[in-house]
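Protein chains in written order, with this note's numbering: chain A, 1 to 234; chain B, 235 to 468; chain C, 469 to 702; chain D, 703 to 936; chain E, 937 to 1170; chain F, 1171 to 1404.
Treat the hints as calculated values from the structure; they're not laboratory data. Treat the hints loosely; a few may be bogus.
Calculated pairs, EDC-like style, for lysine to aspartate or glutamate (alpha carbon to alpha carbon, straight line, at most 20 Å) [as the list claims (entries may be wrong)]:
#, chain 1, residue 1, chain 2, residue 2
1, D, K902, D, D870
2, D, K900, B, D308
3, F, K1368, A, E213
4, A, K198, F, E1367
5, C, K668, E, E1133
6, E, K1136, C, E665
7, E, K986, E, D1012
8, B, K284, B, D308
9, D, K900, B, D310
10, C, K666, C, D639
11, A, K200, F, D1244
12, D, K902, B, E447
13, A, K200, A, E185
14, F, K1370, A, E197
15, D, K902, B, E431
16, B, K432, D, E915
17, F, K1370, A, E213
18, C, K666, E, E1149
19, C, K668, E, E1149
20, C, K493, C, D636
21, C, K493, C, E537
22, E, K1134, C, E681
23, C, K666, E, E1133
24, E, K1136, C, E681
25, A, K198, F, E1383
26, B, K434, D, E915
27, D, K727, D, E899
28, A, K200, A, D168
29, F, K1368, A, E197
30, E, K1134, C, E665
31, A, K50, A, E185
32, B, K432, D, E899
33, B, K284, B, E327
There are 6 protein chains.
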Amino acid sequence: MRYLAIGAHPDDLELRCFGTLAKLKAQGHAIGVCNIANGSLGHVTIPPEKLKVIRHAEAAAAAALIGAEHFAADVDDMTLDRHNQAVIQRVAEIIRRFRPDVIFTNDPNDYHPDHIEASWLVFHASFSSSLPNYQTDSANHPLVPLIYYFDTAKGLHFEPTEFVDITDYMDLRLQAFLCHQSQLEWLQSHTHANAAEKTKIHAAFRGYQCGVEYAEAFRLCPAAHRVPAYRILP
Amino acid sequence: MRYLAIGAHPDDLELRCFGTLAKLKAQGHAIGVCNIANGSLGHVTIPPEKLKVIRHAEAAAAAALIGAEHFAADVDDMTLDRHNQAVIQRVAEIIRRFRPDVIFTNDPNDYHPDHIEASWLVFHASFSSSLPNYQTDSANHPLVPLIYYFDTAKGLHFEPTEFVDITDYMDLRLQAFLCHQSQLEWLQSHTHANAAEKTKIHAAFRGYQCGVEYAEAFRLCPAAHRVPAYRILP
Amino acid sequence: MRYLAIGAHPDDLELRCFGTLAKLKAQGHAIGVCNIANGSLGHVTIPPEKLKVIRHAEAAAAAALIGAEHFAADVDDMTLDRHNQAVIQRVAEIIRRFRPDVIFTNDPNDYHPDHIEASWLVFHASFSSSLPNYQTDSANHPLVPLIYYFDTAKGLHFEPTEFVDITDYMDLRLQAFLCHQSQLEWLQSHTHANAAEKTKIHAAFRGYQCGVEYAEAFRLCPAAHRVPAYRILP
Amino acid sequence: MRYLAIGAHPDDLELRCFGTLAKLKAQGHAIGVCNIANGSLGHVTIPPEKLKVIRHAEAAAAAALIGAEHFAADVDDMTLDRHNQAVIQRVAEIIRRFRPDVIFTNDPNDYHPDHIEASWLVFHASFSSSLPNYQTDSANHPLVPLIYYFDTAKGLHFEPTEFVDITDYMDLRLQAFLCHQSQLEWLQSHTHANAAEKTKIHAAFRGYQCGVEYAEAFRLCPAAHRVPAYRILP
Amino acid sequence: MRYLAIGAHPDDLELRCFGTLAKLKAQGHAIGVCNIANGSLGHVTIPPEKLKVIRHAEAAAAAALIGAEHFAADVDDMTLDRHNQAVIQRVAEIIRRFRPDVIFTNDPNDYHPDHIEASWLVFHASFSSSLPNYQTDSANHPLVPLIYYFDTAKGLHFEPTEFVDITDYMDLRLQAFLCHQSQLEWLQSHTHANAAEKTKIHAAFRGYQCGVEYAEAFRLCPAAHRVPAYRILP
Amino acid sequence: MRYLAIGAHPDDLELRCFGTLAKLKAQGHAIGVCNIANGSLGHVTIPPEKLKVIRHAEAAAAAALIGAEHFAADVDDMTLDRHNQAVIQRVAEIIRRFRPDVIFTNDPNDYHPDHIEASWLVFHASFSSSLPNYQTDSANHPLVPLIYYFDTAKGLHFEPTEFVDITDYMDLRLQAFLCHQSQLEWLQSHTHANAAEKTKIHAAFRGYQCGVEYAEAFRLCPAAHRVPAYRILP
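Work out the full structure: start from the sequences and follow the hints.
Following this line, the structure appears as structure tokens:
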């Protein structure tokens, strides 16, 4: 199977579904990761143009750690818009190139405007990508991929329908997160919290809920043509 | 009373509320139908420009079958956008010309991006149409019409609040759906299912839920000025 | 049609659905009212045995005002229990004698333990009453009646699905409520509020929501065999 | 793995989860089925004492068809009560004897009072069965089994979280249902519907929702110690 | 503390949270109010250009009554769009200038398209305003403010999580509302109701729910970084 | 103010609200704690009669640690029943003796049958306790206390409406939990987890959600006469 995770910002996936991705990779599946926004506003002192380059490299390094193919849609932070036709096309083209069976993306009820828009962009683009007469560089993807929404920031407003045991991949996930050095500085200054420690608490709590040490939580997007009769997650 | 059904694509109404419309017509009410999108991407081999013409004719034929006035907003598939002022105006103008007491439209939780946007376009435009100083060709509609959301694709994520017995109109509804010959080819190729047979299962299930042979399911839009003290449906 | 309203205490119906009952009566329907509890604890100084007699007479007087047949199941306050077989039988027998098409009762999410239990007692008994081999004095009721839950105390935790315009019956409803003289004294002492004034605010608010002066709000019990394809309420 | 399905009445399982049970059996799992009520009131003319014997035989025959071990708790219809300690003990003892990893049971929001109580009896008894000092004939079950609620009557008020493809087992399921000859007469008289035809519509609709021909729908009981990190269903 | 209320139209705040604002002001807090739309379409006979000026003055007068600083984003009615970057910037700049700890705004489930968009504009802009590299005239706001959604029109589709007793400020709130003379004429013609009387019923009902004479109802926006461990409301 | 926490088993309160109780105590409020069940089945080897005595002493020791008055209703494990009149009276009498303004209790959606029943017993008994003619040894409590439901086991199925920062009381809470030595042995054997460590993860996660180090989460019981216009929690 082919799994593509598409998050808003360069570090969203590392904090929410990288354990599952690493596990799927270890099971022999093909993994792609994509950040729609370029992370341009995620720092106090580094200006956007310079930051975009740094964050792209950080995301690529994290992807490499788990053996995932890395894509980026290069949209400036805080400008994501579910109705932007050019961005929908860009995301649809990435989907067509990777040809996923399953997509992971942000939950539409998350706290960050970009997360919400990213979620809808993926919803739109993954449908468009299946239409033969919808024009991008590549030919249409032959199916409408399933969508799993990953956990929200701090798990607020999120009722999981499925859990994945990531105990064996927790260290790797943290290592991947630590590739985002510029972001760590930012999170420290913006939220006054140790992000690496907090993400461990989050994963430990999700693990506690389903009876393992560390887990990631997901919610299936319950839309027609995207509801399977079988479990897809590992 | 005057009932206007506004769906995203040329065949949405036939699959979700044409039984109710036919019943209302038989009871002497005035019926209008409108598709916002022109169906341009709904085929594998027929190119958009040619398909639009075909699908308009198909929709008009289906409308004629139940004696409904046919409108179309002629927006390309996968470009519907609830914030597009020009499209809102176009839909508002159609509402002003038909002057409905009640509108049927797609549910905002449906599976297709165009369905979601169509639902919100109708929500916006039906409010705008009532404002004297909102400019379109026609004068303002003197009331804010009620909105009923019709069933979603496959009935997923939809809790009906009202049912309509369409047993006597099921054949006519199927006949109307079969007017969409180009779409039938498309659905067969895109979803690998016999759409005519599936829509019978759907209506039989809704009928089963409310104790009749075939039924359509609706949900009232619970917004201020749109909540009546009386049942509107037949 | 035949409508039977079954509330927990002698004054519950007067505060929640008497406007609708009076309207249905005026339209020619047969109306029954029943209180399951006898109101034994609803006073500061009048002891239970004496109070039960007073409250029964008050309820009967209120019923007479709207031309309703009056029933009572005579269970002591704060002892209602959905699993009490004797009480279920008593309520089933009342249902069999009145033979309602529709039942109104308390919402199972209401604030008072007796209201919650009354709601479930009605749910159980109305099903039992339809079974030929379930034994009470009368033969089985030939159908499983629909159930409408009426509004909760203060409208908390209650999302109405239907409203009834009771503007023309508001005065009569208040008059019926004022038959409960002993209860008025109690409510004043227990809740420190003018119940008659508060019930007007409640009905005015429900009217405001659906665009009339005074209204009552209901929620259909969405259980199999109890979901109609037609509106039942006036 | 060991799967135990516990329904209220002798035919509940056949209509809701027998396809899944047959599939699990074919995959080599151990299957048990149990009806808590004896079906004593499920007929118009056959009196309770005689009917109980008939229905027990019918349930045993249906169980035999799919190779399931058959249990019964022999409680009279319409007397199920989640707080009845003797019945909880009887159900706990059945659980201890079968030692299931997973239990299927009625949804607590279903339409029939006995279904609701059966659901809670299973919830209580499956917890009790794991406690060493809780006394029944057998020693404690070493785990708290997972619970899946199967679909409600007519699918009302039920949002599935998982689907099982039962296409290959639909005929067998119908055959099992037809073992309940006395019940078929009853359903025909009580609901005026052809139950065998309706259950096909129900399964076809659930199949339609998840993209297969026939399916059964389930909802995991989201209680602590009962939430797995893996899919359990076939 | 600093509280900024941002509503869609010039009179929204007066109808939903002015009692709370007046109370906070009396307790010594700093209060700002802002209308995003200019109210251009809110009249039958006064044309937009003229009306905008009138309504701005009316809003300023109402703000003065409770000692609040008045802001306006001057967007035309029915054109609010959560994705309009220029408007987001304008609102972010107002937030940066006022530096609120807490924001009150419309609920995203309200009935009016502009209310829905205003709610999301505030959600976006209040996040943007905290980012150092997001460009507007002023420097970034050092925190992400909490958001309270105030009650919807007619209280439909709104489950309050907190109430504020405004009994002592009800007269002042009504006085502030009456500053909107042009709007009163409009509401009378568009909704055929006495708005001043209806808003009293609404506040009396919310007061009834929480045991005071008049109250306003709120719902905390449950997004990460916006959930406090302490109550913020007076 | 007077706060009474009533949990099902001897250690429920220590795991869910002891931080808040300790904080309230430190602020000068009067605190009572009560366990309804006696914990008779909570061990593998210690038999019920002996265990009850041990657990009572453990609960009393924990209460003493935070300076709370200790009550117990002494009902055997797995026999709690919301309709048991004798137990309701016993709990009502405890409420009348302590005279609380606010009660904390288990959530009715929790995982343990006894937790669910305890929640409803408190709901019933706290209402009964306010009725002058409801007979127990003490005179009636002059008010219907507010109810806060504390967090569920593992936080499943629980959407908090309020959080309390317990960072300064986390050590004391753990110390109180460790008083339950017999229960620690049981939890280790029954759930194969280190309960003390898991409860820290739980509190750290709730703290993470609301921006403090450790927190407890609550949900107000939204029933009439129990909804305040002010925050009650510290």
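*Hints breached by this structure*: 2, 9, 11, 27, 33
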